[in-house]
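S.K.: Chain by chain, the residues run as shown.
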Amino acid sequence: MGVAVETEAAVDRRGEIAAGLRDSLAAGLGMFPLGAAFGMLVVQAGLPWWVAPALSFTAYAGSLELLLVSMIVAAVPLATIALTTFLVNFRHVFYAFSFPLRAVRHRLAKAYSVYALTDEAYAITAASGEGWTAWRLLSMQVALQSYWVGGGLAGTAVASLMPGPIEGLEFALCALFVTLTLDAARSRAQVPSLLLAGLSFTVAILAVPEAALFAALVLFVVLLLVRYALGARRPREEADA
Amino acid sequence: MPETSYLVAVLAIVFAIDLALRAAPFAALRTLRESALVDRLALWMPVGILAILAAVTLRDSMGADPGTAVVALAAVGVTAAVHLWAGRRTLLSVGAGTLVYVLLVNADAAAAITGALPGAA
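Protein chains in written order, with this note's numbering: chain A, 1 to 241; chain B, 1001 to 1121.
Just chain A, same shape as in the assembly:
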């Protein structure tokens, strides 16, 4: 009896891990080449090769890592690095609202899941709704970090051999976010959020083009708070969720 239950659980687990790996593949298409470009940049900037994997384990946020390479080369003061890290990665604060961390029970697994909560990991869960299990979520996140760290190491290895990375592969991340947006926007109930996001981005790109992501996210959250406040005055709308 115990054996039968155990095998069933093992089959279940294998299925969930496979599902997590499948979820990660499209993101990997963008993350591996971008990681390779990052690895090449580290070596070409004259930094020791191990800085690439070290940043990918400590920062583990692509855009910030690319930024840090030039800051390290310029020997920017540590306080500036701290402030930049805070501002560039502040967006992660918003991801907790719908990231399915509840699915994870084990303490260490939970800690890893929070640590590895990147744009891509958030986006994959945001687009596919409920149904996340601990094994699926963790295998997806471990796979994503492997693509990124692996890409970085590959980049440092070939940096001296190649004139430069293949131009344009980083577009895969844009394509990924486009498909995930389409997946998340399937019902008409999502239209108001999309319009507010569009408005936020437009204002951000016009007002502060060099910090568009940060500004757009803050503005979007502010607009959602306004929307909530307006809705609360008309309690009838509560039923439309």
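Treat the hints with caution; some may be incorrect.
To be verified - Pulled a few chain A residues facing chain B out of the computed Cβ check, cut under 7 angstroms: (1) A26; (2) H106; (3) L224.
What the hints assert, rightly or not - Sample of chain A residues lacking proximity to chain B, with all beta carbon distances greater than 10 angstroms (derived): (4) G15; (5) G150; (6) D183.
What the hints assert, rightly or not - Here are the simulated distance ranges between beta carbons: (7) B:A1064 <-> A:V142: 19 to 29 angstroms; (8) A:D12 <-> B:A1036: 32 to 42 angstroms; (9) A:L194 <-> B:A1069: 32 to 42 angstroms; (10) B:A1086 <-> A:R102: 39 to 49 angstroms; (11) A:H106 <-> B:G1063: 38 to 48 angstroms; (12) A:S187 <-> B:A1016: 18 to 28 angstroms; (13) A:M71 <-> B:L1073: 26 to 36 angstroms; (14) A:V142 <-> B:S1005: 26 to 36 angstroms.
I should point out that these hints are in silico values taken from the structure, not numbers from a laboratory. By construction, the Cβ of each residue, glycine as well, lies at the ideal position given by its N, Cα and C atoms.
Put chain B on the given structure of chain A with help from the hints.
M.R.: Coordinates of chain B only, in the frame set by chain A:
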């Protein structure tokens, strides 16, 4: 080359701030689990955040010159079309869009180098 002590300090600072930004909201939300506002935000935020990420990465892919901007918009069109008409297979849609972008960007660059596109950067 920067000193190793500087590199280690950078790594430690970045790690601490990054982890705090990712973990603090979960701790804060635990006390707000019953909040209707948090429920609503969880429902409303994902699609908007995804759209903003898509828009920002698209802007980055469009680059500075108009030729690349057209290429990026075309590649987004291909990505969306393949996604909607080929059964929402993400890997296929992302692969098709990226292929179009890489081919066109490099064709553009090659043309610019040989001078076939007058005025191209």
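S.K.: Compare the structure with each hint and give your call.
M.R.: Verification of the hints:
1. A26: holds (4 angstroms)
2. H106: At about 15 angstroms, which exceeds the 7 angstroms cut-off, the nearest Cβ of chain B leaves the hint on H106 (chain A) violated.
3. L224: holds (5 angstroms)
4. G15: holds (19 angstroms)
5. G150: holds (18 angstroms)
6. D183: violated (7 angstroms)
7. B:A1064 <-> A:V142: 19 to 29 angstroms: Hint violated: Cβ distance 37 angstroms, outside 19 to 29 angstroms.
8. A:D12 <-> B:A1036: 32 to 42 angstroms: For A1036 (chain B) against D12 (chain A), whose Cβ atoms are near 35 angstroms apart, the range 32 to 42 angstroms holds.
9. A:L194 <-> B:A1069: 32 to 42 angstroms: violated (22 angstroms)
10. B:A1086 <-> A:R102: 39 to 49 angstroms: violated (33 angstroms)
11. A:H106 <-> B:G1063: 38 to 48 angstroms: holds (44 angstroms)
12. A:S187 <-> B:A1016: 18 to 28 angstroms: With a Cβ separation near 40 angstroms, S187 (chain A) and A1016 (chain B) fall outside 18 to 28 angstroms, so the hint is violated.
13. A:M71 <-> B:L1073: 26 to 36 angstroms: holds (32 angstroms)
14. A:V142 <-> B:S1005: 26 to 36 angstroms: Given a distance of about 31 angstroms, which is inside 26 to 36 angstroms, the answer is holds.
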